[in-house]
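Listed below are the residues making up each chain.
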Amino acid sequence: MNHRAIWAIYRQEMARAFRTVLQSIVSPVISTSLYFVVFGAAIGSRIQEIGGVSYGAFIVPGLIMLSLLTHSISNASFGIYFPKFTGTIYEILSAPVSHLEIVVAYVGAAATKSMILGAIILATATLFVPLRIEHPLVMVLFLVLTACTFSLFGFIIGIWADGFEKLQLVPLLIITPLTFLGGSFYSIDMLPPFWRSVTLFNPVLYLVSGFRWSFYGDADVGVWVSLTMTLIFLAVCLGIVSWIFRTGYRLKS
Amino acid sequence: MACQEGGRGAHCGPDICAVFGYRRRMQSIISVSNLSKTYDSGFQALNGVDLEVRKGEIFALLGPNGAGKTTLISIICGLVNRSGGAVAVDGHDILTDYRAARALIGLVPQELTTDAFETVWATVSFTRGLFGKPADPAHIEKVLRTLSLWDKRDDKIVALSGGMKRRLLIAKALSHEPRILFLDEPTAGVDVELRRDMWEMVRGLKSSGVTIILTTHYIEEAEEMADRVGVISEGRIILVEEKAELMRKLGRKQLTLQLKEPLGALPQSLAEYELSLSEDGLALTYDYDTRADRTGITRLLRALDGAGIRFTDLDTRQSTLEEIFVDLVRNDR
Numbered sequence: 000m001n002h003r004a005i006w007a008i009y010r011q012e013m014a015r016a017f018r019t020v021l022q023s024i025v026s027p028v029i030s031t032s033l034y035f036v037v038f039g040a041a042i043g044s045r046i047q048e049i050g051g052v053s054y055g056a057f058i059v060p061g062l063i064m065l066s067l068l069t070h071s072i073s074n075a076s077f078g079i080y081f082p083k084f085t086g087t088i089y090e091i092l093s094a095p096v097s098h099l100e101i102v103v104a105y106v107g108a109a110a111t112k113s114m115i116l117g118a119i120i121l122a123t124a125t126l127f128v129p130l131r132i133e134h135p136l137v138m139v140l141f142l143v144l145t146a147c148t149f150s151l152f153g154f155i156i157g158i159w160a161d162g163f164e165k166l167q168l169v170p171l172l173i174i175t176p177l178t179f180l181g182g183s184f185y186s187i188d189m190l191p192p193f194w195r196s197v198t199l200f201n202p203v204l205y206l207v208s209g210f211r212w213s214f215y216g217d218a219d220v221g222v223w224v225s226l227t228m229t230l231i232f233l234a235v236c237l238g239i240v241s242w243i244f245r246t247g248y249r250l251k252s
Numbered sequence: 000m001a002c003q004e005g006g007r008g009a010h011c012g013p014d015i016c017a018v019f020g021y022r023r024r025m026q027s028i029i030s031v032s033n034l035s036k037t038y039d040s041g042f043q044a045l046n047g048v049d050l051e052v053r054k055g056e057i058f059a060l061l062g063p064n065g066a067g068k069t070t071l072i073s074i075i076c077g078l079v080n081r082s083g084g085a086v087a088v089d090g091h092d093i094l095t096d097y098r099a100a101r102a103l104i105g106l107v108p109q110e111l112t113t114d115a116f117e118t119v120w121a122t123v124s125f126t127r128g129l130f131g132k133p134a135d136p137a138h139i140e141k142v143l144r145t146l147s148l149w150d151k152r153d154d155k156i157v158a159l160s161g162g163m164k165r166r167l168l169i170a171k172a173l174s175h176e177p178r179i180l181f182l183d184e185p186t187a188g189v190d191v192e193l194r195r196d197m198w199e200m201v202r203g204l205k206s207s208g209v210t211i212i213l214t215t216h217y218i219e220e221a222e223e224m225a226d227r228v229g230v231i232s233e234g235r236i237i238l239v240e241e242k243a244e245l246m247r248k249l250g251r252k253q254l255t256l257q258l259k260e261p262l263g264a265l266p267q268s269l270a271e272y273e274l275s276l277s278e279d280g281l282a283l284t285y286d287y288d289t290r291a292d293r294t295g296i297t298r299l300l301r302a303l304d305g306a307g308i309r310f311t312d313l314d315t316r317q318s319t320l321e322e323i324f325v326d327l328v329r330n331d332r
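If you're matching them up, the sequences are chains R and G in order.
The first sequence finishes on residue 252 if you use numbering that gives the first Met the number 0, and the numbering steps up by one all the way, no holes.
The second sequence finishes on residue 332 if you use numbering that gives the first Met the number 0, and the numbering steps up by one all the way, no holes.
Please note: incorrect hints may appear among the correct ones.
To be verified - Straight-line distance between alpha carbons at most 20 Å, and here's what the computed SDA-like set of lysine to any residue pairs gives:
{"id": "1", "chain 1": "G", "residue 1": "Lys132", "chain 2": "R", "residue 2": "Trp6"}
{"id": "2", "chain 1": "R", "residue 1": "Lys251", "chain 2": "G", "residue 2": "Ser35"}
{"id": "3", "chain 1": "G", "residue 1": "Lys155", "chain 2": "R", "residue 2": "Phe84"}
{"id": "4", "chain 1": "G", "residue 1": "Lys164", "chain 2": "R", "residue 2": "Gly86"}
{"id": "5", "chain 1": "G", "residue 1": "Lys155", "chain 2": "R", "residue 2": "Pro82"}
{"id": "6", "chain 1": "G", "residue 1": "Lys164", "chain 2": "R", "residue 2": "Ile88"}
{"id": "7", "chain 1": "G", "residue 1": "Lys164", "chain 2": "R", "residue 2": "Phe84"}
{"id": "8", "chain 1": "R", "residue 1": "Lys251", "chain 2": "G", "residue 2": "Gln109"}
{"id": "9", "chain 1": "G", "residue 1": "Lys164", "chain 2": "R", "residue 2": "Pro82"}
{"id": "10", "chain 1": "R", "residue 1": "Lys83", "chain 2": "G", "residue 2": "Glu117"}
{"id": "11", "chain 1": "G", "residue 1": "Lys164", "chain 2": "R", "residue 2": "Tyr89"}
{"id": "12", "chain 1": "R", "residue 1": "Lys251", "chain 2": "G", "residue 2": "Arg98"}
{"id": "13", "chain 1": "G", "residue 1": "Lys155", "chain 2": "R", "residue 2": "Thr85"}
{"id": "14", "chain 1": "R", "residue 1": "Lys251", "chain 2": "G", "residue 2": "Asp96"}
{"id": "15", "chain 1": "R", "residue 1": "Lys251", "chain 2": "G", "residue 2": "Phe42"}
{"id": "16", "chain 1": "R", "residue 1": "Lys251", "chain 2": "G", "residue 2": "Ala85"}
{"id": "17", "chain 1": "G", "residue 1": "Lys155", "chain 2": "R", "residue 2": "Gly86"}
Claimed, not checked - Not close to chain G: a few residues of chain R, all C-beta gaps over 12 Å, as computed:
{"id": "18", "residue": "Arg45"}
{"id": "19", "residue": "Leu121"}
{"id": "20", "residue": "Ile132"}
{"id": "21", "residue": "Glu133"}
{"id": "22", "residue": "Gln167"}
{"id": "23", "residue": "Leu168"}
{"id": "24", "residue": "Ile173"}
{"id": "25", "residue": "Trp223"}
{"id": "26", "residue": "Leu230"}
In short, the hints are calculated from the structure, not lab data.
Here the structure is a predicted model, which is why all the values come from computation and not from measurement.
Cβ coordinates follow ideal geometry from the N, Cα and C atoms, glycine included.
Let the sequences and hints guide you as you build the complete structure.
Right under this line is the structure:
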């Protein structure tokens, strides 16, 4: 195990985030605060409690998930796409580093960054709404699993993308809609039966639901179902990444 | 000699070959055998390349653009997948034992590919870590000083000039103390002064036991630096020779004389000269070696005068590397 290489890549990636601290940390905090002001205070005050939880508090897990997903993906996809774009990937490919080590370093850094972000949003949320976390360990577990899974997913997008447009395409066209439609801001019980069934095909529902369960002990689907679905998605991403490195897809000709 | 050099057409007996073969294996640090590469586009970049690079030498890989130089280096360093054949670096197969193989190699790519916002110090230290070496500020300092980058250590890469970026890439490659250094077109677009510095640095590395493989299409570079020269063309190594030998070939010049009257045949008195007569009988060509003590030109001109041959014009020309490539390729087919 070339642990020094993992550390070198990890540190370089983290340093990049700190160089762009405004973009990496401050802007998500501002946008999340805006959500609280608009959905929590302005609109939320006119919405009744959901399962005994005020609307403002209800959307906190969904908001954190939204940021966690989008930032895990963008951090990881950019992290691996950029060296491909500038050509500095030659260094990684010619170094005595295994594929696993490369993935651990890039995905680990991306996941760390988005988890820090999740913690910041959580802290910001406490300023706006009273929060309680019934199952803190489960919450951390979902935070870690989601950050890792979607950082892996972002890594795959970063390798697949051969232009900045494609880099934005998947987060914009797939992830954001899925998150908004995955019960981030509502309980699927509020939907008509047909759309409720459709929503069950949305993987993000299970992440948000499991995460919300860790806060309030109640959710749209059972926590075990949520956990299973998250692990399945993690396994799929791992499978794709190992295929990428086996074949050298978009990395080596 | 035949079995010692590149292994093409070994004409020596089996016993001698065995002895030389053994010695060659002992000496060589990179062994490439029957390496081939066909890109997805169908372009065959390498076609059965065999090459032995000896430990501690400076090996220049010459060839026209698109000959396969960069592909060959890229496969050895792990940037491109091979289609067939094998490569061993100091006995380590580049696929099954890639860690050991790659740890020995420093690569300076042809393109100036660098980050932009990292500092010089950070990026050089990063490379050392990537190659699994513990941090060693003293070594990084030495490398940066050697390459005149010490003053720039806290500058962002984006602020460096092209020549500095080139040196930065070398610093990165040297950061992990490689035993083998690949320089892919190191002096392309580099000014004369920097080129001299770079040659000086390469000599210093060689004296510390580092094996250096450089690709170039400048013959002066090979002439200045290399111990041995390999010529690659259309994906095949068509010659591997000691530099001195190649220079002898390059040292040949041609004198062409335009005759006043067409000549039917060469007179007997000129038989001792290496002369050839053009088909129309109006041009005489004389091959000579500029490095020989006597080129024989004065004697030839006297002999021509003596034979009553008058000429209207003369010119001399040296074979260019390009022509030697073409000749080599043609003879190879």
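Going through the hints against the structure:
no. : hint                 : verdict
1   : G:Lys132 to R:Trp6   : 11 Å, holds
2   : R:Lys251 to G:Ser35  : 15 Å, holds
3   : G:Lys155 to R:Phe84  : 19 Å, holds
4   : G:Lys164 to R:Gly86  : 14 Å, holds
5   : G:Lys155 to R:Pro82  : 17 Å, holds
6   : G:Lys164 to R:Ile88  : 16 Å, holds
7   : G:Lys164 to R:Phe84  : 18 Å, holds
8   : R:Lys251 to G:Gln109 : 17 Å, holds
9   : G:Lys164 to R:Pro82  : 16 Å, holds
10  : R:Lys83 to G:Glu117  : 16 Å, holds
11  : G:Lys164 to R:Tyr89  : 16 Å, holds
12  : R:Lys251 to G:Arg98  : 17 Å, holds
13  : G:Lys155 to R:Thr85  : 16 Å, holds
14  : R:Lys251 to G:Asp96  : 18 Å, holds
15  : R:Lys251 to G:Phe42  : 15 Å, holds
16  : R:Lys251 to G:Ala85  : 17 Å, holds
17  : G:Lys155 to R:Gly86  : 18 Å, holds
18  : Arg45                : 47 Å, holds
19  : Leu121               : 30 Å, holds
20  : Ile132               : 38 Å, holds
21  : Glu133               : 42 Å, holds
22  : Gln167               : 21 Å, holds
23  : Leu168               : 24 Å, holds
24  : Ile173               : 28 Å, holds
25  : Trp223               : 41 Å, holds
26  : Leu230               : 31 Å, holds
No hint from the list above goes unmet by this structure.
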